[in-house]
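Visitor: Protein chains in written order, with our numbering: chain A, 100 to 473; chain B, 27 to 431; chain C, 10 to 302.
Bear in mind the hints are in silico, worked out from the structure with no lab data behind them. Note that the structure is predicted; figures quoted are calculated from it, not measured. Where a beta carbon is used, it is the ideal one built from N, C-alpha and C, also for glycine. Treat the hints with caution; some may be incorrect.
Said to hold, decoys possible - Residues from chain A that keep clear of chain C, each with C-beta distances beyond 10 Å, as calculated:
| # | residue |
| --- | --- |
| 1 | Val133 |
| 2 | Ile174 |
| 3 | Glu232 |
| 4 | Ile250 |
| 5 | Tyr282 |
| 6 | Ile378 |
| 7 | Phe393 |
| 8 | Arg435 |
Unchecked claim - List time: in silico PhoX-like cross-link candidates among lysine-lysine, alpha-carbon distance up to 25 Å:
| # | chain 1 | residue 1 | chain 2 | residue 2 |
| --- | --- | --- | --- | --- |
| 9 | B | Lys326 | C | Lys192 |
| 10 | C | Lys139 | B | Lys303 |
| 11 | B | Lys303 | B | Lys334 |
| 12 | B | Lys61 | B | Lys99 |
| 13 | B | Lys361 | A | Lys268 |
| 14 | B | Lys361 | B | Lys88 |
| 15 | B | Lys295 | B | Lys88 |
| 16 | B | Lys150 | B | Lys167 |
| 17 | B | Lys303 | B | Lys230 |
| 18 | B | Lys334 | B | Lys88 |
| 19 | B | Lys150 | A | Lys268 |
| 20 | C | Lys127 | B | Lys303 |
| 21 | B | Lys88 | A | Lys268 |
| 22 | B | Lys334 | B | Lys61 |
| 23 | B | Lys99 | B | Lys303 |
| 24 | C | Lys127 | B | Lys295 |
| 25 | C | Lys171 | C | Lys192 |
| 26 | B | Lys61 | B | Lys198 |
| 27 | B | Lys150 | B | Lys303 |
| 28 | B | Lys144 | B | Lys61 |
| 29 | B | Lys61 | B | Lys303 |
| 30 | B | Lys334 | C | Lys127 |
| 31 | B | Lys167 | B | Lys198 |
| 32 | B | Lys144 | B | Lys99 |
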Amino acid sequence: MQLPASAKEIDTRTTGLRATRPAAASHARLWKLVGLILTLIVAYLLPLGLSNYQAFEFTQVFIYAIALLGLNILIGFNGQFSLGHGAFYALGAYTTAIMTTRWDIPYGWTIIVAGVLCLIAGFLFGLPALRFEGLYLALATFALALSTPQILKYFDNWTGGSQGIVLDKPSVPLGLPINADQYLYYLTLTVLLLLFLLAWNLLRGRVGRAMMAIRDNPIAAEAMGVNNALYKSLTFGVSAMYTGIAGSLGALAVAFVAPDTFNAFLSINFLVGSVVGGIASIIGALFGAAFIEFVPIYAQEISRAAPWAIFGVVLILFMYVMPTGVAGLLHRVLERLTRRPSKESSADNVVATSPAPADPGASSPARAASGKHE
Amino acid sequence: MLRKIVNLVLALVLTQFLAVSLGHAEEGVTATEIKIGNTAPYSGPASAYGTILRAAGAYFRKVNDEGGINGRKIVFISYDDGYSPPKTYEMTRKLVEQDHVLLDFGPLGTPCNSAIWKYMNDHKVPQLFVYTGASKWGDPKGHPWTMGWQPTYHAEGFIWARYILDNIPNAKIGILYQNDDYGKDYLSGVLDGLGNKARDLIVKQQTYEVTDATVDSQIVNLKNSGANVFINITTPKFAAMAIRKAYEIGWRPTQFLNFVSASISSVLKPAGLEASKGIISAVFLKDPSDPRWANDPATKEYIAFMRKYYPEGDPYDIFNVSGYSCAQTMVQVLKQCGNDLSRANVMRQAANLRNLQLPMLLPGIVINTSPTDYYPIEQMQLGRFDGQRYELFGPIYTAVSRGKQ
Amino acid sequence: MSALLQQVISGLSTGGIYANIALALVLIYQATGVVNFAQGEMAMFSTYLAWTMINAGWPYWLAFFTTMVIAFVGGVVIERVIIRPVENAPVLTIVMVTIGLLTIFNSVAGWIYTYTVKPFPSPFSSAPIKLGPVTVSMQEVGVAGVSVATLILMYFFFQHTKVGLAMRAVVENPTSSRLVGVKVSQMLALGWGLAALVGAVAGMMVAPLVFLEPNMMSGILIYAFASATLGGFNSPGGAVVGGLLMGVLENLVGTYITFIGTELKLTVALAVILLTLLVKPSGLFGRAAVTRV
Numbered sequence: 100m101q102l103p104a105s106a107k108e109i110d111t112r113t114t115g116l117r118a119t120r121p122a123a124a125s126h127a128r129l130w131k132l133v134g135l136i137l138t139l140i141v142a143y144l145l146p147l148g149l150s151n152y153q154a155f156e157f158t159q160v161f162i163y164a165i166a167l168l169g170l171n172i173l174i175g176f177n178g179q180f181s182l183g184h185g186a187f188y189a190l191g192a193y194t195t196a197i198m199t200t201r202w203d204i205p206y207g208w209t210i211i212v213a214g215v216l217c218l219i220a221g222f223l224f225g226l227p228a229l230r231f232e233g234l235y236l237a238l239a240t241f242a243l244a245l246s247t248p249q250i251l252k253y254f255d256n257w258t259g260g261s262q263g264i265v266l267d268k269p270s271v272p273l274g275l276p277i278n279a280d281q282y283l284y285y286l287t288l289t290v291l292l293l294l295f296l297l298a299w300n301l302l303r304g305r306v307g308r309a310m311m312a313i314r315d316n317p318i319a320a321e322a323m324g325v326n327n328a329l330y331k332s333l334t335f336g337v338s339a340m341y342t343g344i345a346g347s348l349g350a351l352a353v354a355f356v357a358p359d360t361f362n363a364f365l366s367i368n369f370l371v372g373s374v375v376g377g378i379a380s381i382i383g384a385l386f387g388a389a390f391i392e393f394v395p396i397y398a399q400e401i402s403r404a405a406p407w408a409i410f411g412v413v414l415i416l417f418m419y420v421m422p423t424g425v426a427g428l429l430h431r432v433l434e435r436l437t438r439r440p441s442k443e444s445s446a447d448n449v450v451a452t453s454p455a456p457a458d459p460g461a462s463s464p465a466r467a468a469s470g471k472h473e
Numbered sequence: 027m028l029r030k031i032v033n034l035v036l037a038l039v040l041t042q043f044l045a046v047s048l049g050h051a052e053e054g055v056t057a058t059e060i061k062i063g064n065t066a067p068y069s070g071p072a073s074a075y076g077t078i079l080r081a082a083g084a085y086f087r088k089v090n091d092e093g094g095i096n097g098r099k100i101v102f103i104s105y106d107d108g109y110s111p112p113k114t115y116e117m118t119r120k121l122v123e124q125d126h127v128l129l130d131f132g133p134l135g136t137p138c139n140s141a142i143w144k145y146m147n148d149h150k151v152p153q154l155f156v157y158t159g160a161s162k163w164g165d166p167k168g169h170p171w172t173m174g175w176q177p178t179y180h181a182e183g184f185i186w187a188r189y190i191l192d193n194i195p196n197a198k199i200g201i202l203y204q205n206d207d208y209g210k211d212y213l214s215g216v217l218d219g220l221g222n223k224a225r226d227l228i229v230k231q232q233t234y235e236v237t238d239a240t241v242d243s244q245i246v247n248l249k250n251s252g253a254n255v256f257i258n259i260t261t262p263k264f265a266a267m268a269i270r271k272a273y274e275i276g277w278r279p280t281q282f283l284n285f286v287s288a289s290i291s292s293v294l295k296p297a298g299l300e301a302s303k304g305i306i307s308a309v310f311l312k313d314p315s316d317p318r319w320a321n322d323p324a325t326k327e328y329i330a331f332m333r334k335y336y337p338e339g340d341p342y343d344i345f346n347v348s349g350y351s352c353a354q355t356m357v358q359v360l361k362q363c364g365n366d367l368s369r370a371n372v373m374r375q376a377a378n379l380r381n382l383q384l385p386m387l388l389p390g391i392v393i394n395t396s397p398t399d400y401y402p403i404e405q406m407q408l409g410r411f412d413g414q415r416y417e418l419f420g421p422i423y424t425a426v427s428r429g430k431q
Numbered sequence: 010m011s012a013l014l015q016q017v018i019s020g021l022s023t024g025g026i027y028a029n030i031a032l033a034l035v036l037i038y039q040a041t042g043v044v045n046f047a048q049g050e051m052a053m054f055s056t057y058l059a060w061t062m063i064n065a066g067w068p069y070w071l072a073f074f075t076t077m078v079i080a081f082v083g084g085v086v087i088e089r090v091i092i093r094p095v096e097n098a099p100v101l102t103i104v105m106v107t108i109g110l111l112t113i114f115n116s117v118a119g120w121i122y123t124y125t126v127k128p129f130p131s132p133f134s135s136a137p138i139k140l141g142p143v144t145v146s147m148q149e150v151g152v153a154g155v156s157v158a159t160l161i162l163m164y165f166f167f168q169h170t171k172v173g174l175a176m177r178a179v180v181e182n183p184t185s186s187r188l189v190g191v192k193v194s195q196m197l198a199l200g201w202g203l204a205a206l207v208g209a210v211a212g213m214m215v216a217p218l219v220f221l222e223p224n225m226m227s228g229i230l231i232y233a234f235a236s237a238t239l240g241g242f243n244s245p246g247g248a249v250v251g252g253l254l255m256g257v258l259e260n261l262v263g264t265y266i267t268f269i270g271t272e273l274k275l276t277v278a279l280a281v282i283l284l285t286l287l288v289k290p291s292g293l294f295g296r297a298a299v300t301r302v
């Protein structure tokens, strides 16, 4: 099913990053900057007004957001697809768990090691995955997610088997006047900001352009001299790195890892978060993370009997209202706000969609999901 | 300006600290209420167990209807954790820090309880009657705030092994177990019970995953190994499949079935009563579908309770009997606490249960705890299924739980 | 040798279960271009409906056919009411809606029927049949038979009827189909109805083997997905063969690769599938993708 109208929306949004439109763009940039700074101030002051439990909830949101950003880079910006990022989340988590408990390595280093390991693992997995497209890639990655708990149980000398590993929660350094939960909040928030910044830099530069070119039209990209194989594997690696770092932080936040955490449901949950937030967006990852963290909890408040029915209904309603995710909706709202003259807007659309191929749906992420062959 | 901000921040931080440090007195108890928390898998792969805590919640409603405990009503807050340890941790923190519960009652699942084990003990919040049979919960020295309830998986495996050594001279044992902590705990009980004979007697071990569609292949392998004893360590659905498949392919070993799946109505009937004949199981609860208890007043009362307070639940599901009994244990502890409903006293009373008889425990089985004995139920009796009910035989075994050896 | 045969037969019977659901997956994919994550749960829910009727004293076949009708209508209604608003959204969005449906069906089934396993009657006798050294049950043969029969019917429907042709056309190229007078959205609704129907049949065939409970399909759906991929997502025949292969493969890995044993059998089976796909990226029987430039 090819869906030109909506695929165009995705392209508009992503290509908007580099579209040049003098007056409107500066407006939009100003708006975004103000919003960003305000958000940052709120984010850093927030834990002071929160209970420890709420600080922990937000910590979880940040961790999910990092993982989802990894997925967005892969799906939204590169048109590849993964139902298996739970595996990289597990790899990151176990890296930290094993290194801190067995070898007493400070946790800070283990976060970096987790990222590097996942980068390599993702790259290596990305190489054979090049052969797969659409549904077949979905299965290849899903296989990874399914095997994870079994593999973790199998190597029980390392992983503690089904008993899992209990970690120590990071203690507050330098005698800072905050408690452990607040410290974790700031730690994850800072890592999140660094990684978001990195993603932003990566995506708006040469690498990002190459990634998106592959997504929009692989053959044209190849013809223009982009090494598709290299870039696709590399994207897989970077994506896995993000998710792995999230896993590492997740292990620290909960102070416990066990195979049951990393089941196939986790990977599907990531996908849900990614789509709800908006796949071709950096900031969307945060919305998606908030969705998968809070909606199940509030669903329970509404109905004790069948909370997941509530979750399903909310998910479906979200998709009705925001078929391109929260970020997609925000983008449209922002566009409305920043450019009033309607003539300009239609001109903009032409600019923005021109890089898209003749059949915009053909290689868009939407297609990655369907694995449609024509 | 900057100084102002710094001052503001410091003031905020300080109030936070005060709020935290003052929050501890008499958590979860008012003149009219006792707040009890719980996490259980109402969704996800282990959702079959969710009914245990629904039955327990229903029992608390009954207690409230009858006037509560020393004039206080029980407020039972039970959250779904989908059997995911991080979720358990999160929801438990919500219970403790946001809902301010007095204690966490019957959190379900070994990995889930492992995830909150340290947290509960660090924060000195009772983690009482955890719903898992792992043997590590009876550790009063290392984890004084955590206590189990049911007989340990290890103990049950141990009892089977002893029975096999004494009664089946040329046993060749085939084992099917779920590939997780629950299965492995049973397995270790069997291995410990068999001692150095384990290597000779066990001819084949097979595992399955909860996501598997069937266990047919494993049963075929066990049959082909020539085993004449089949130890079936599986959850209800797989237990029923295993029993039926063994029967279909003409394998007739002596079968041992873990009590998790010993239910007549939800396992043996689906598997086929004929196929289930001869199955041996260690039991400690009255199975309401066993005709022996049809006229037992306690069983009748239980059935009436189910009909009234949990009509959507299946009264013949042994899980519900279990949740009902576990909740009764909790109520007993709270009654014993009297008016001193501090967390410390709750633990003192939980470790001070003397010969407690519960209506749905098998006659002769009692609950005992002490400051050094954190294993409430340690007795079981073997029963052999005769096509209609479990024919109890042999002594009541008092299992040596591993923590105490 | 008899051990090997018995494992193969048992694998074929388990594979028959996968094949049934895989077939339903492929069917809805062919008819609508969407992978329906809720396929398994819809089948499970239909089976509960049948169970309710049988429990109320209806004869088996009456319940069976009534359920088929309800499932078909239910599938059409789901497409009309729930899928329609996102019909033109990106495919991932539609997939999300099916995930929402999955959690709704699963949760509601658990709420109404509880999670206690229930036996489900079978139209076939469960008496074992001896074939030389191997034992199979009529039940297992029946399940395999039904999936083959469904396959043949579907093949006939898609290849030799006008409606089938129209449905294929809609997925291949909705715009052109519309131009030649095919009612696109009706065809999509019909596709959902048919897939729900096939799913319901699969559910009622499988339930006697794996027992009825709200999660009965979650594991099977995963295997079915793998089977459909192995066979090729655009080939119903491939889905059936893929399912059977998957069942046999898993058993043989668990039995004969002893250092791995049963603990990693799924992992190894999946690895084998992936290796196969590396050689044949669109599945054993799938058509290769042709990309228009």
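Visitor: Checking against the hints above, which ones are violated?
Guide: 2, 3, 4, 6, 9, 11, 13, 15, 21, 23, 26, 27, 29, 31 and 32
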